[in-house]
Amino acid sequence: MKNDNRGFTLTELIVSIAIFAIVAAAAYGFMVAGAQSYTGVSDKLSRQLRAQMAFSQIENRLIDCDTAVYATGSKLYIVNKNSTDGTKYDVCVYELKDTDHILYFGKLEEQTLALSSGKLNASSLTSLTGLTATEVLAKKVASFSAAVPDTGKTTVDGVARARSIQVTLVLQTRTGANGATDTQTVALRNSPQLLS
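In this note's numbering, the protein residues as written are 318 to 513.
If you are wondering where the hints come from, they were derived from the structure by calculation, not from laboratory data. Heads up, the beta-carbon is just placed ideally off N, CA and C, and yes, glycines get one too. One or more of the hints may lead you astray.
What the hints assert, rightly or not - Straight-line alpha carbon distances no greater than 25 Å define the calculated PhoX-like cross-link-like pairs of lysine-lysine that follow: (1) K424 <-> K398; (2) K457 <-> K424; (3) K424 <-> K414; (4) K436 <-> K424; (5) K424 <-> K405; (6) K398 <-> K436; (7) K361 <-> K457; (8) K405 <-> K392; (9) K470 <-> K398; (10) K456 <-> K392; (11) K405 <-> K436; (12) K392 <-> K436; (13) K361 <-> K456; (14) K414 <-> K392; (15) K470 <-> K436; (16) K424 <-> K456.
As the list claims (entries may be wrong) - What follows is a list of derived Cβ distance ranges for each label pair: (17) V453 <-> Y355: 24 to 30 Å; (18) T404 <-> A477: 18 to 24 Å; (19) A342 <-> V453: 43 to 49 Å; (20) G357 <-> T401: 50 to 56 Å; (21) M370 <-> T429: 28 to 34 Å; (22) G423 <-> D381: 16 to 22 Å; (23) D467 <-> L366: 30 to 36 Å; (24) V453 <-> A338: 46 to 52 Å; (25) F325 <-> K456: 57 to 63 Å; (26) G357 <-> I334: 31 to 37 Å; (27) A343 <-> R323: 28 to 34 Å; (28) Q483 <-> T416: 21 to 27 Å; (29) M370 <-> A338: 45 to 51 Å; (30) S363 <-> V473: 41 to 47 Å.
Build the full structure now, drawing on both the sequences and the hints.
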C-alpha cells in the first residue's frame, strides 16, 4: 500500500483562497447592509416613540384645558382654573429652545393673573415671573409649533374660542438631519379662550 503525501498544489490553494474571499466579501456586504438597515429602522422607531410621548403629554393637558390657550412662535401656554371661585390659575408652558434643540416644559400653580375687562390676555401670561420651561420633554427637536386652524375657531359672547389645536413637532434623527414632520390635531372638550 502506497501513501500519497504530496498535499495541495499552489494553483489549488490560490483558487480556494479566491473562492473564500468572494464568499467572505458577499457575507460582509450582507452584514453591513443589515446593520445599516437596523440602525435606520431603530432611529425611526426611536424618533417616533419620542414624538408620541411628547404629543401624549401635550395632548392630555390640551384636551382638558378649561380657561385659555396661547400659541406664539415656538411656545405654547395652557391655562386652567385652579380654584372654584376662578381667581387662581395653573399655567403650563411648552417651549422649544433653538440653542440646544430641546423641547422644555414648565408649570406654575395657583397664579393670580391680571385680567383686562374681566378677560385674560396674552401679556398677562408672558409677564408671569417664575414661569420658565426647565423640564426636558423631548430632545433633538428641530421645530415645534401649535396653531388653531380656522375650522377650530369659534366666537362666543365676543370672545374667540378654540375648539381644536394643531400641534406640529419635528424631531431630528441621530445623524442630525431633520426627520419627518409629525402633526396631530387635538379636539378640545371645553372650548377655552383663544388669546392673541
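The hints, checked one at a time:
1. At most 25 Å may separate the alpha-carbon atoms for a hinted pair to count; K424 and K398 meet this at roughly 13 Å.
2. For a cut-off of 25 Å, the pair hint linking K457 to K424 stands: about 22 Å separates their Cα positions.
3. For a cut-off of 25 Å, the pair hint linking K424 to K414 stands: about 16 Å separates their Cα positions.
4. For a cut-off of 25 Å, the pair hint linking K436 to K424 stands: about 21 Å separates their Cα positions.
5. For the proposed pair K424 and K405, the alpha carbon gap of about 14 Å is at most 25 Å, so the pair holds.
6. Distance check on the hinted pair: K398 and K436 sit about 13 Å apart at the alpha-carbon level, within 25 Å; holds.
7. Distance check on the hinted pair: K361 and K457 sit about 13 Å apart at the alpha-carbon level, within 25 Å; holds.
8. For the proposed pair K405 and K392, the alpha carbon gap of about 22 Å is at most 25 Å, so the pair holds.
9. At most 25 Å may separate the alpha-carbon atoms for a hinted pair to count; K470 and K398 meet this at roughly 21 Å.
10. Using a Cα cut-off of 25 Å, the hinted pair K456 and K392 holds, with the two alpha carbons roughly 16 Å apart.
11. For the hint pairing K405 with K436, the CA-to-CA distance comes to about 13 Å; that is within 25 Å, so the pair holds.
12. Restraint check for K392 and K436: the C-alpha separation of about 21 Å stays at or below 25 Å, so the hint holds.
13. For a cut-off of 25 Å, the pair hint linking K361 to K456 stands: about 14 Å separates their Cα positions.
14. Distance hint between K414 and K392 is fulfilled; the C-alpha atoms sit about 9 Å from each other, no more than 25 Å.
15. Between K470 and K436 the alpha-carbon distance is near 18 Å, which keeps this suggested pair within the 25 Å criterion.
16. In summary, the hint linking K424 to K456 is supported, as the alpha carbons are separated by about 19 Å, within the 25 Å threshold.
17. At roughly 27 Å, the beta carbons of V453 and Y355 sit within the given window of 24 to 30 Å.
18. One distance hint, 18 to 24 Å for the beta-carbon pair T404 and A477, holds here, with the actual separation near 23 Å.
19. At about 45 Å, the CB distance of A342 to V453 agrees with the hint of 43 to 49 Å.
20. Taking the beta carbon of each, G357 and T401 are about 53 Å apart, inside 50 to 56 Å as hinted.
21. For the hinted restraint 28 to 34 Å between M370 and T429, the CB-CB distance of approximately 32 Å keeps it satisfied.
22. Here the CB-CB span from G423 to D381 is close to 18 Å, well matched to the stated 16 to 22 Å.
23. As the Cβ distance of D467 to L366 is approximately 32 Å, the hint placing it in 30 to 36 Å holds.
24. Distance hint check: the CB atoms of V453 and A338 are about 50 Å apart, consistent with the given range 46 to 52 Å.
25. Taking the beta carbon of each, F325 and K456 are about 59 Å apart, inside 57 to 63 Å as hinted.
26. Here the CB-CB span from G357 to I334 is close to 34 Å, well matched to the stated 31 to 37 Å.
27. Checked against the given bound of 28 to 34 Å, the beta carbons of A343 and R323, roughly 32 Å apart, stay inside it.
28. A hinted range of 21 to 27 Å for the beta carbons of Q483 and T416 is consistent with their spacing of about 26 Å.
29. Between M370 and A338 the C-beta distance comes to about 48 Å, which sits within the given range of 45 to 51 Å.
30. Here the CB-CB span from S363 to V473 is close to 42 Å, well matched to the stated 41 to 47 Å.
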